[in-house]
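> Sequence:
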Amino acid sequence: MSSLALQDEILLKIEKPARYIGKEINSVVKRPEDVEIRMAMCFPDVYEIGMSHLGLQILYDMFNNYDDVWCERVYSPWPDLDRIMREKKIPLFGLESQEPIKYLDFLGITLQYEMCYTNILQVLDLSQIPLAAKDRTEDDPIVIGGGPCSYNPEPIAEFFDFFYIGEGETRYREILDLYKENKKAGGSRLDFLKKICSLQGIYVPRFYDVDYYEDGRIASMRPNIPEAPERITKNIVTDFDDVPYPLKPVVPFIKSAQDRVVLEIQRGCIRGCRFCQAGQLYRPVREKNVDRLKEYAVEMLKNTGYDEITLSSLSSSDYSALKELVDFLIEDCGEKKVNISLPSLRIDSFSLDVMSKVQDVKKSSLTFAPEAGSQRLRNVINKGLTEEDILRGAELAFRGGWTRVKLYFMLGLPTETKEDVQGIGDLANKIATVFFETVPKEKRREPVQIVASTSFFIPKPFTPFQWAPMCSAEEFLDKAYETRQGISSQLNQKRIKYNWHEADVSVMEGVFARGDRKVAQVIRRAYEKGCMFDAWSEYYQNELWMEAFEECGVSIDFYNTRKREKDEIFPWDILDCGVSREYLWREWEKAQREEVSPNCRKACSGCGAAKYGCGVCAEEKTAAERTLLEE
1 MSSLALQDEI
11 LLKIEKPARY
21 IGKEINSVVK
31 RPEDVEIRMA
41 MCFPDVYEIG
51 MSHLGLQILY
61 DMFNNYDDVW
71 CERVYSPWPD
81 LDRIMREKKI
91 PLFGLESQEP
101 IKYLDFLGIT
111 LQYEMCYTNI
121 LQVLDLSQIP
131 LAAKDRTEDD
141 PIVIGGGPCS
151 YNPEPIAEFF
161 DFFYIGEGET
171 RYREILDLYK
181 ENKKAGGSRL
191 DFLKKICSLQ
201 GIYVPRFYDV
211 DYYEDGRIAS
221 MRPNIPEAPE
231 RITKNIVTDF
241 DDVPYPLKPV
251 VPFIKSAQDR
261 VVLEIQRGCI
271 RGCRFCQAGQ
281 LYRPVREKNV
291 DRLKEYAVEM
301 LKNTGYDEIT
311 LSSLSSSDYS
321 ALKELVDFLI
331 EDCGEKKVNI
341 SLPSLRIDSF
351 SLDVMSKVQD
361 VKKSSLTFAP
371 EAGSQRLRNV
381 INKGLTEEDI
391 LRGAELAFRG
401 GWTRVKLYFM
411 LGLPTETKED
421 VQGIGDLANK
431 IATVFFETVP
441 KEKRREPVQI
451 VASTSFFIPK
461 PFTPFQWAPM
471 CSAEEFLDKA
481 YETRQGISSQ
491 LNQKRIKYNW
501 HEADVSVMEG
511 VFARGDRKVA
521 QVIRRAYEKG
531 CMFDAWSEYY
541 QNELWMEAFE
551 ECGVSIDFYN
561 TRKREKDEIF
571 PWDILDCGVS
581 REYLWREWEK
591 AQREEVSPNC
601 RKACSGCGAA
611 KYGCGVCAEE
621 KTAAERTLLE
631 E
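Under the numbering used here, residues 1 to 631 are what the sequence shown spells out, in order.
It is worth saying that the hints were derived from the structure and are not from the lab.
Incorrect hints may have been included.
Cβ-Cβ distance ranges computed for the label pairs, FRET-style [said to hold, decoys possible]: (1) GLU174 to THR561: 39 to 45 Å; (2) GLU174 to PRO223: 18 to 24 Å; (3) VAL298 to LYS23: 38 to 44 Å; (4) PRO223 to GLY186: 43 to 49 Å; (5) ILE254 to GLU619: 41 to 47 Å; (6) ARG445 to TYR103: 55 to 61 Å.
Note that CB positions come from ideal geometry on N, CA and C, so glycine has one too.
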């Protein structure tokens, strides 16, 4: 085992040196001579954020359970250490070995949000790995991208050797075995990429050519070698009970964003909200067996020492055994004073019984997401919530003892009107009124607080809204101002707090979400100008980004504000995420007619995910539903 990569004099100069020293509880250290493959998994953001990511923990655990593999972790150095590493030419290192990652076989980078793209370049640059895949030699690691943003990899395609599309538990063993075979046979980097590009879910950008029309739209995207498929289909876990799960997750020395045990209870969502990319990408919904979850919870709490457990899913209320699981956790963990966090709850499904039991351990604020202020707009986005549902849910929450409710909305949704924006303040006011009507004065231990937060709508690939135009920064700010004015005019305005997202950052995210390969030059130019940690408001530099777009001759409006036609070729059309384009277009048309589609358990909408033969799609169906599935 090597000594620390950073000398004491450097560690004493920087903020939170524990980010860089490794040796945390449950971290894995192997001897290099005992393994055939060395790799690092990277979350391109600061340690505290990356340590909270479940997907990276799952892959870290899975890889290290292979006898022939040692997987380390690496995160983006904070700006204070970044400066020192550049000045002293210290290469970026893995936390476990403290050795430069440029000497490893693979560097896997998880792509969780678009505003980390310049941090990807930071990681490569500090690692002394060439930024562009075409410039790498046989001595450089193979750089892999994965995660939700890989479903439109084109804006960052030139920086990666290949992308793994889909869920990571399914294909990596095959990839690693092919790597070993290729290495033993004396094959080159290119030979390896040709061998794996025919595997399901593997996208090697260099093996595809893109042609454009004069107006900038894509004319064609096609493979340039016979081994590469015409279309890449995502990988998916079909047996959700029989997959690796980190029962001994790494416990950081410092507080992370999610300082608790994370129990993934299901993957996917039955709801079909038209703005939600995750709800489409992770179809079909697959639940984990409740008895297995009980075992996992006990084991993970024992192995970590945490005093909180969160039930992770896109819609926790839809987990069929939620009440049984919560009852078990309350009974088993109550004496230990373990707090149970239930995120992603639907306001119409969260029962008073469950709420009251959870608050007996430790009470916190409740978070609900109406997403839109009016019923008309909730129908457009297929939220499946009525105002009656929302107010009834708020009443249950207040009767259960909660006095702080967080509400999340989006501004700039397709077809949005001023009346829809005004509805945000109206709804927040009605919820505050419910409190005063529900809780008698003598039982009000503290004043009610409604926190209304708005983000700006960003059209995402593989959603029905991928054809939609996006607002400009000016339009977003006008809508935020209208929202604030609407809240200020309410009777209960003193009980309502309003927060909103940065408009400039949302505009950038919109470009990266639907961009093509031409955007890569802008990202690189912005990085060269000093852009990093763009997801952090104190480091985001909009003027530098504007300069980069202008210098590269790339139009923001081309990617954001124009409406797409039905047959336009999108940069991500070469990928198959499991739902069909025909289904997404049907949902886009229904949105404009303000029609609601049923959730997956009520009726099948024929999205295409039934081809995987698992999860909700494999549940008992009616004859009519079976017809839709077959179509």
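> Against each hint, give a clear statement of whether it holds in the structure.
To see whether the hints hold, each was checked on the structure:
| no. | hint | verdict |
| --- | --- | --- |
| 1 | GLU174 to THR561: 39 to 45 Å | holds, 43 Å |
| 2 | GLU174 to PRO223: 18 to 24 Å | holds, 20 Å |
| 3 | VAL298 to LYS23: 38 to 44 Å | violated, 26 Å |
| 4 | PRO223 to GLY186: 43 to 49 Å | violated, 26 Å |
| 5 | ILE254 to GLU619: 41 to 47 Å | holds, 44 Å |
| 6 | ARG445 to TYR103: 55 to 61 Å | holds, 59 Å |
Against the hints set out earlier in the document, violations occur for numbers 3 and 4.
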